[in-house]
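**Student:** Residue numbers (this note's numbering), protein chains in the order written: chain A, 6 to 237; chain B, 6 to 237.
Warning: the hint list may mix true and false statements.
Facing chain A, a subset of chain B residues (Cβ under 7 Å, in silico) [unchecked claim]:
#1 Phe13
#2 Ser17
#3 Asp102
#4 Trp190
#5 His193
Just so you know, these hints were derived from the structure itself, not from any lab. None of these values were measured; they are calculated from a predicted model. Where is the CB? At the ideal position from N, CA and C, for every residue including glycine.
2 protein chains.
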Amino acid sequence: MMLPIQTFDSVSSTYTYLLADPAAGEAVLIDPVDQKWERDLAQLKRLNLRLAWVIETHAHADHITSAGKLREVTGAKAACPAGCGITPADLQLFDGDVIRFGRAEEIKVLHTPGHTAGSMCFTWRGNVFTGDTLLIDGCGRTDFQSGSAEELYDSVTGRLFTLPEETLMWPGHDYKDRSVSTIGWEKHHNARLTGRDKQGFVELMSKLDLPKPKMIDVAVPANQNLGLPQGV
Amino acid sequence: MMLPIQTFDSVSSTYTYLLADPAAGEAVLIDPVDQKWERDLAQLKRLNLRLAWVIETHAHADHITSAGKLREVTGAKAACPAGCGITPADLQLFDGDVIRFGRAEEIKVLHTPGHTAGSMCFTWRGNVFTGDTLLIDGCGRTDFQSGSAEELYDSVTGRLFTLPEETLMWPGHDYKDRSVSTIGWEKHHNARLTGRDKQGFVELMSKLDLPKPKMIDVAVPANQNLGLPQGV
């Protein structure tokens with residue numbers, strides 16, 4: 006099994022993933038963070054990899070992407086979920102699309118609305134990158150920015166939990182220094198989803214009463230512009 | 006290439022590595038941290054892996070290992086560098102030893118004195134785990150606990166930098182959210198080692214004037230007892 010390289014932004018607790026085909030010298034980044042673009046570029050250099058794609062799981066509300074900056078400095082292309090309003094992306098992604106890189110690497114696109122209406126997950130070589138749709142022993146919130154607990158429930162139970170149980174599940178965030186889970190474990194043990202029907206899940210999510218994300222008013226428009234200043 | 010799973014302890018900035026043979030359901034942990042033993046155990050459960058070995062790169066001065074605790078709760082064996090005084094280990098490691106797990110996984114042992122006299126690095130499937138001997142764009146300190154800048158220079162230039170350049174180098178710590186490097190990059194760009202002869206390196210290290218590690222008086226004896234309370 007080929008694993009991704011997982012890198013953490015300790016400011017926003019965001020995981021960025023580097024998927025590589027070392028023999029072809031080509032790589033993809035999923036969900037890179039604005040203030041870490043130089044770190045990620047240095048990491049690509051250390052590993053002797055050329056960046057082919059920057060991929061976003063959604064328009065984040067808690068941090069700003071470095072997709073635009075990385076595209077500018079590397080010539081990589083940006084691929085973003087069609088339903089997220091990220092208009093300057095080079096490729097608008099739809100469910101079922103395949104992103105190709107390296108010699109024969111294929112990243113498959115799953116549209117998984119719920120955290121936001123446009124949110125997507127990506128599968129690659131027995132791994133799934135779940136963004137804020139599914140977290141380790143939890144899930145993304147559904148109470149703002151086109152979120153829907155009903156849709157998240159359907160996305161997770163109907164799309165993610167039907168992947169092979171041994172699929173490694175790599176979340177978009179973790180707040181307890183945890184790295185990875187499996188679809189099988191989450192299916193049978195997830196604190197929010199396991200043992201709840203849709204109605205029970207929707208009820209639970211409606212009672213979370215979370216504060217408004219501090220950065221949302223800045224982050225969402227910025228991310229819809231690939232993290233670049235407006236007007237650029 | 007098979008990659009390890011890298012997990013971070015944000016309190017001590019320590020990386021713990023999980024090496025797995027998923028088909029055999031067996032795993033090894035390198036340098037687990039005391040306060041994270043339940044996290045690491047939960048991660049093994051999520052991945053459906055049985056812990057075969059806990060391996061230490063050295064007797065740490067900045068944090069306490071969970072090797073003893075993990076051995077107690079999982080039945081795994083502890084393998085530790087012979088020169089570190091970790092007397093309750095199940096296996097005392099010597100240069101050239103091989104630790105086997107899973108169906109046919111082999112971890113090779115390199116004695117790399119310098120950070121401490123007993124420090125070791127481990128290679129596995131194109132990866133090297135360098136503990137505090139070599140860090141990304143840096144190296145471990147050599148000014149306490151049997152450290153020696155001369156020996157570290159010889160260990161890094163004579164042992165680590167002679168590994169294939171594409172070898173992925175996984176450090177024991179990083180303080181800037183970086184994950185991984187390569188032997189080739191460190192050989193040609195490391196801020197402390199590249200372009201310095203042994204004398205120049207020794208001089209540099211002698212001038213660092215670092216404070217005494219806060220935890221050293223507690224951590225070293227604790228780690229020499231696998232992190233278990235003394236007398237257990």
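**Student:** Compare the structure with each hint and give your call.
**Tutor:** Right, here's what the structure says about each hint:
For the restraint placing Phe13/B at the interface with chain A, the shortest Cβ-Cβ distance is roughly 6 Å, inside the 7 Å limit, so the hint holds. Hint status for Ser17/B: violated, given a least beta-carbon distance of 11 Å to chain A, over 7 Å. For the restraint placing Asp102/B at the interface with chain A, the shortest Cβ-Cβ distance is roughly 26 Å, beyond the 7 Å limit, so the hint is violated. Look at Trp190/B: its Cβ gets to within about 4 Å of chain A, closer than 7 Å, so that hint holds up.
The interface hint given for His193/B is broken, as the beta carbon of that residue sits about 10 Å from the closest beta carbon of chain A, more than 7 Å.
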